[in-house]
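Undergrad: Sequence:
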Amino acid sequence: MTDIRSGFVTQTHTGDVTASDAVEQANAFGFDFLELYMDGATARTELDREKFTADVAEAGLDLLVHLPFVDLDLGTPRDGVRDAALDEHRACLDTAAELDAEKAVLHASTHATYPEWDAETTHPRMLDAIRQLDDHGRAVGVEVCVENLPGVSFTVHEFDRVFAETDASMTFDTGHARVDGMDAEASAAFLDDHRDRVSHVHVNDARGAMDEHVPTGSGTTEFETILAPLRENWNGTVSAEVYTFDADYLELSKRKLDEVLA
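Numbering (our numbering), first residue to last: 1 to 262.
Don't read these hints as lab results, they were simulated from the structure. Be aware that one or more of the hints could be misleading.
As the list claims (entries may be wrong) - Simulated DEER-style distance windows between Cβ atoms: (1) 152 with 54: 34 to 40 Å; (2) 193 with 248: 32 to 38 Å; (3) 220 with 139: 39 to 45 Å; (4) 87 with 163: 25 to 31 Å; (5) 157 with 54: 39 to 45 Å; (6) 185 with 3: 20 to 26 Å; (7) 208 with 58: 37 to 43 Å; (8) 139 with 165: 15 to 21 Å; (9) 211 with 139: 30 to 36 Å; (10) 3 with 141: 18 to 24 Å.
For glycine and all other residues, C-beta sits at the position ideal for the given N, C-alpha and C.
Given these sequences and hints, build the entire structure.
TA: What follows is the structure in structure tokens.
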């Protein structure tokens with residue numbers, strides 16, 4: 001038996017599944033936690049925090065959050081835009097702390113891309129943003145976990161720089177790593193080498209080198225191989241990230257994930 005706790009990333013942003021629905025699903029299917037996506041219908045300004053906190057406490061669940069990212073640019077050379085994005089992230093971390101969340105998944109990304117802007121300009125700004133948000137997270141008691149992104153910085157192949165130039169933890173996304181050319185054995189080796197910095201994993205299944213987020217076990221991702229190094233002497237968290245509003249597929253994903261982690 002491992003010390004790994006399992007949960008899922010909520011698909012609450014559209015409102016088709018409410019935050020309360022997600023808590024009920026996590027409780028019914030035996031998850032240890034849920035990872036609340038803090039955007040759309042469950043953005044910090046939309047969420048009924050008092051009810052959600054009460055629901056999570058009543059269910060006896062732990063909580064993680066996934067910070068918003070679609071319109072927040074942490075690498076842009078436009079200071080006003082970047083400062084606003086940093087302020088919003090800090091406000092989200094403050095909300096996460098109020099909700100008693102233990103971790104926050106961060107996309108440290110930018111829309112400022114070549115040919116207008118190059119990595120020599122944007123990457124230092126993204127790394128500085130990670131440091132600022134990691135410091136803020138520590139101050140409010142929330143662990144910031146930076147996620148590897150598919151095909152855009154910071155990819156899994158660029159994460160040595162994140163490790164070297166920041167103290168932030170990592171969220172390792174299996175599907176994103178696969179998109180960027182990592183097979184199961186390479187992903188396992190990465191996790192083994194960086195187990196001290198990887199605090200959280202997104203189990204993102206797919207039928208090929210694509211960012212599909214199909215129900216866990218329905219794709220061709222070799223999770224037993226990938227997660228093998230973490231099954232002993234690692235006490236992090238693993239989220240099933242499944243793009244579905246159908247709870248049956250979420251329950252199936254839980255059973256398939258349990259088989260891998262057993």
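Undergrad: Now tell me if each hint is right for this structure.
TA: Going through the hints against the structure:
1. 152 with 54: 34 to 40 Å: Once the Cβ atoms are compared, 38 Å apart, the range 34 to 40 Å for residue 54 and residue 152 holds.
2. 193 with 248: 32 to 38 Å: holds, 37 Å
3. 220 with 139: 39 to 45 Å: holds, 42 Å
4. 87 with 163: 25 to 31 Å: Holds - the Cβ-Cβ distance for residue 87 and residue 163, about 26 Å, lies within 25 to 31 Å.
5. 157 with 54: 39 to 45 Å: holds, 43 Å
6. 185 with 3: 20 to 26 Å: holds, 24 Å
7. 208 with 58: 37 to 43 Å: For residue 58 against residue 208, whose Cβ atoms are near 41 Å apart, the range 37 to 43 Å holds.
8. 139 with 165: 15 to 21 Å: holds, 20 Å
9. 211 with 139: 30 to 36 Å: The hint (30 to 36 Å, Cβ to Cβ) holds, given that residue 211 and residue 139 are roughly 33 Å apart.
10. 3 with 141: 18 to 24 Å: Since the Cβ atoms of residue 3 and residue 141 sit about 21 Å apart, the hinted range of 18 to 24 Å holds.
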